[in-house]
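Visitor: Listed below, chain by chain, are the residues.
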Amino acid sequence: MAVIGRADVGPSTGEVANPVVSVDGLRMRYGEIDVLDGVTFDVARGEVVTLLGPNGAGKTTTIEILEGFRMRSEGHVRVLDQDPAHANEHWRARTGVVLQSWRDHARWTPRGLLRHLGHYYLPYATELRPRPWDADELIALVGMVDHADQKIGTLSGGERRRLDVAVGVVGRPELLFLDEPTAGFDPEARREFHDLVHRLSDLEDTTILLTTHDLDEAEKLADRILILAGGHIVADGSADALARQIETGTEVRWSRAGERFVHATGDATAFVRSLFEQFGDEIADLDIRRATLEDTYISMVRRHEATEGGQAAVTAVAAPDEGDRDRSVAR
Amino acid sequence: MTPTTHAIRVGLARGWTECKLSLRSPQDQGFYLFVGVATLVALYLQRDTPVEGTSLLFPSVAMPSVLGGLIAFGVVIGPAYALAMEREDGTLLRAKAVPNGITGYVWGQLLLHSFGLIPMLLVILVPSFVLFDDLMHRGLAGWLTVVWVIALGLLATMPIGMIIGASVPNTQKVASWGMLPVIVLAAISGILFPMQQLWGWVQTIAQVFPMYWLGLGMRSAFLPDAAAAVEITGSWRTLETVLVLTAWAIAGALIAPIVLRRMSRRQSGAAVQQAREVAGQWVR
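Listed in order, the protein sequences are those of chains W and Y.
The opening position of the first sequence corresponds to residue 1 in the numbering used here, with each subsequent residue numbered one higher.
The opening position of the second sequence corresponds to residue 1001 in the numbering used here, with each subsequent residue numbered one higher.
To be clear, the hints were calculated from the coordinates, so they are not data collected in a lab.
Among the clues, some could well be false.
[What the hints assert, rightly or not] Pairs of lysine to aspartate or glutamate residues, derived as EDC-like cross-links and limited to a Cα-Cα distance of at most 20 Å, are as follows:
#	chain 1	residue 1	chain 2	residue 2
1	W	151	Y	1086
2	W	220	W	188
3	W	151	Y	1028
4	Y	1020	W	149
5	W	220	W	236
6	W	220	W	205
7	W	151	W	174
8	W	220	W	149
9	W	220	W	282
Isolated chain Y (complex conformation) (with noise of 0.2 Å):
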């Protein structure tokens, strides 16, 4: 086994050990539950709300767009917020000080932040399958569509939070810098309404983005058929939506490496001690 081979199972047993300190710690318990009733109500509330142009109620369709905008917003803000906040509190530092340590954070990063879905996962389609009926139409080939679209959606969405959390200046501007597009991508890529209800360069700028293909795809695992006719060009563009999605993972994958050993390069004790002064005069 190489040195970058060991650094890597070094890494991954890092982000094991990472998942579980999360599901211990009531801060985090706290996103996950927050999520869960947040959706849930809002799926309940219109329960009954039947959805135009399908014989589906409002929670069938919103379920998986939901679930799509949230995978998607989960492997871009918590990776974006954790490098940010890492590299100024010193985590990286200490990644950088151990041999191959850059390697193994980044894997953690990598592992932690896919485990984390599954928690957010169950919060919702745990109590979903118990309050709503008529959920899953395809049975198993179902399923085993939401497993290709998640593992694709985390590939092509997750370099671009680790580029966000690696290029912004400060903690702070992961608000404007990821969540900010995040929220307006989410707003404009069918994942709370139809995105045919906008006008169409709109519509156009977010079949760009690697959302509304991941809602698009959740869609096309949980709903039937004839379901498919309120989508543009009326059908679940089930081609289009793994050339896209991959088109976005290669990307990610020959950017974000440069982007983290630049990153990497700047970290210093220096940096660290600066960020900590800049902290100690925002907190007060």
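In isolation and in its complexed conformation, chain W is listed as follows (with noise of 0.2 Å):
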């Protein structure tokens, strides 16, 4: 396996200092194709970052890269201070897998289970972190007192998720990643699951990595949006960087004499005062709407499967166009 050697001396980008993680230049390649096609990006100590991107982009394959589930074709890869690829057990016990369980350890209970895993990291603990986090204590944590003691085999999916969860920080993890947890969630487990990731990341100083489909979630949940497509990362910032990055930017409707207006603008406020000083009482049906990251999101990764060329798509993103266009729509 070919890898890019870098000498391991300072931060690789110089916009983060002393990575937790630190991605440059990644790529996978199955036979022929290129799976990930030199990904590049940072990740702060204490930072939660969400990696989005439509199905097949790469998403699963850059995070088991990471967490040294898998060996990378090509690029250089620092997690924690040490190559994923060949990290040591005591790196193993500073990472936290969220994994999606399916039928293993179905004669165990969640108790059982998580005192059994959580004993491989007592010769890990130190004295900022102590490990393991007691099961009962991380049972309470995750919401799952009810069901501590039934067999796992019997768990509802939403059950199932939290003690992966549960199971992922048994070992007060430096940095956790999590591959879509809420997948199968309903709207309150994902509140709490929600409030349990803010908690990991503020009281623990816990840097946290997730995959997600759900826009929502990751503007609720990250610090930082990197979103890839075609293998790059094509946008990287956080929900409102990436929404002001795009031209349309926040979208103002209107209706004068019966006919309907729209107007993208960078500026909604000016926009909307000069449009108060211009007409006055004749504007009605006021409506601004700021570009939500799912606008984002479908903008940017568009731009890129018209544009193909991904560095191309990237210096697109890079000098957003403060178009003024209005548009008439008539009704």
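Work from the hints to combine the two standalone chains into their complex.
Guide: As structure tokens, then:
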């Protein structure tokens, strides 16, 4: 396996000092196809970063390479100061992986399994991070007190996912990986899960990297969003920053004299002020909509698909175009 | 204590928990019951049949052979199925995600499948001693032989099961890669009938594998010296038994860790996901 060597001195991009995760020029090839074609990003300590992308974009591949579960074809990857492809068990103890359980450990109970798996972390306890997390405390934290002594095989899908999360954090990880953590959650479980992620991030100083399909979730949880499309990172920034990057910006809708108008602008306040100065009372049905993350996401993925050359897509995003175009919608 | 020895202890505790869970599981209880009843019925139906060339009755000769065969079967097929299934269902991936988890897992499996023999031996031995006379001809020395033959037999055969379980592409293949060869071996290894009834080359093949020697070792533990007359070369060949089983144990100890490491390296969420989809299609 060819790995592009690089001296381990200093931060990789200069953007993030001493990153927990540093990925540079990551490539993954299956036969003739490059699933990942030069993925580059950093994650700083304590950050919550979401990896978004269409199906087949390589989110799971990326996260599994970082977890040390899969070998990469090319590129430089450092996770907690080690190469995950050759990391030792001490490194393993500092990371947590939330796996999607299926039917493993069906005869065990959540309490029994958490105690058992937690025991492996005992030799890796430090002053700052007592390991493992107490099983009973963890059960309360993920809200499965009522099911703690039930056979795992009889748990509902949502309860299993809570257990998966508990297993992922039982070693009090410094870095936690979650691959589509809330798939199959009901809205309440999802809300509780988001609270848990916030708590891990705020109180435990856990760095979190997750993938999701749920844009709302990405927006709620992430300090930073990475959009992966066609094997590249096509966008990197907070939900707000991403929304500002694309040209739709904010959409202002109004009607005047029975005719409806839509206008896209980067500065809605200034535009509306000028609108009222010009037309005053004639303006009705005013509606101001910020671009949602969904708009941003769809637009970026489409833009990527249209250009198909990944590098071109990144430049297009980096230089947002503040087009002020009026469109009249005839009714 | 190093993290590795710690992990071995955690793994042994895991194996013990799995033993207890297995004993409480109706599925496993059913399996033990089935094996026990099937064996006893087979022995009971021929309880008065004399064995040619000896002064013994069928159950006396067949019971040790069947025990040897069942031990080989249990510790090959048990780990083979466990590993193949637990690779697919994500148990091994969970082990891989915790520090030294695979080490612990493997030690747990060793303990689980070793201790799993105890209920199987009990469901056959206890009723047998009630139903049939003249089973143990060698007293305490015989029981000690039973212990070392089983211990050496475990070391010789369990790695084979682990290697099969770690190598099969999916659980269904354990039937053709594991079950079939083991059943064929049982048929030619003198477990069900004396192997001298078979062609010479078949006897040679059978003597390469540990199952024959396990059966022979068990017979040497239970039966009087006179009964050795019907064996190949007319003796218990204790030295050969030790040598063949030890050779298998050494080969297993060398090869199994390599195969297990390779299996562990290939574990990934995507692999589990794929197995899940395949199984989903398979079931219906």
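Visitor: Please go over all the hints and tell whether each is borne out by the structure.
Guide: Going down the list of hints, with the structure as the test:
1. Of the pairs offered as hints, the one joining residue 151 (chain W) and residue 1086 (chain Y) holds, with about 17 Å between alpha carbons and a cut-off of 20 Å not exceeded.
2. Annotation: proposed proximity of residue 220 (chain W) to residue 188 (chain W) holds, straight-line Cα distance about 14 Å (limit 20 Å).
3. At roughly 16 Å between alpha-carbon atoms, residue 151 (chain W) and residue 1028 (chain Y) fall within 20 Å of each other, so this suggested pair holds.
4. In summary, the hint linking residue 1020 (chain Y) to residue 149 (chain W) is supported, as the alpha carbons are separated by about 15 Å, within the 20 Å threshold.
5. A C-alpha spacing of about 16 Å is found between residue 220 (chain W) and residue 236 (chain W), which places the hinted pair at or below 20 Å, so the restraint holds.
6. At roughly 18 Å between alpha-carbon atoms, residue 220 (chain W) and residue 205 (chain W) fall within 20 Å of each other, so this suggested pair holds.
7. At roughly 30 Å between alpha-carbon atoms, residue 151 (chain W) and residue 174 (chain W) are farther apart than 20 Å, so this suggested pair is violated.
8. Between residue 220 (chain W) and residue 149 (chain W) the CA atoms are separated by roughly 32 Å; this puts the pair beyond 20 Å, and the hint is violated.
9. Simply put, residue 220 (chain W) and residue 282 (chain W) have alpha-carbon atoms about 38 Å apart, too far for the 20 Å limit, and the pair is violated.
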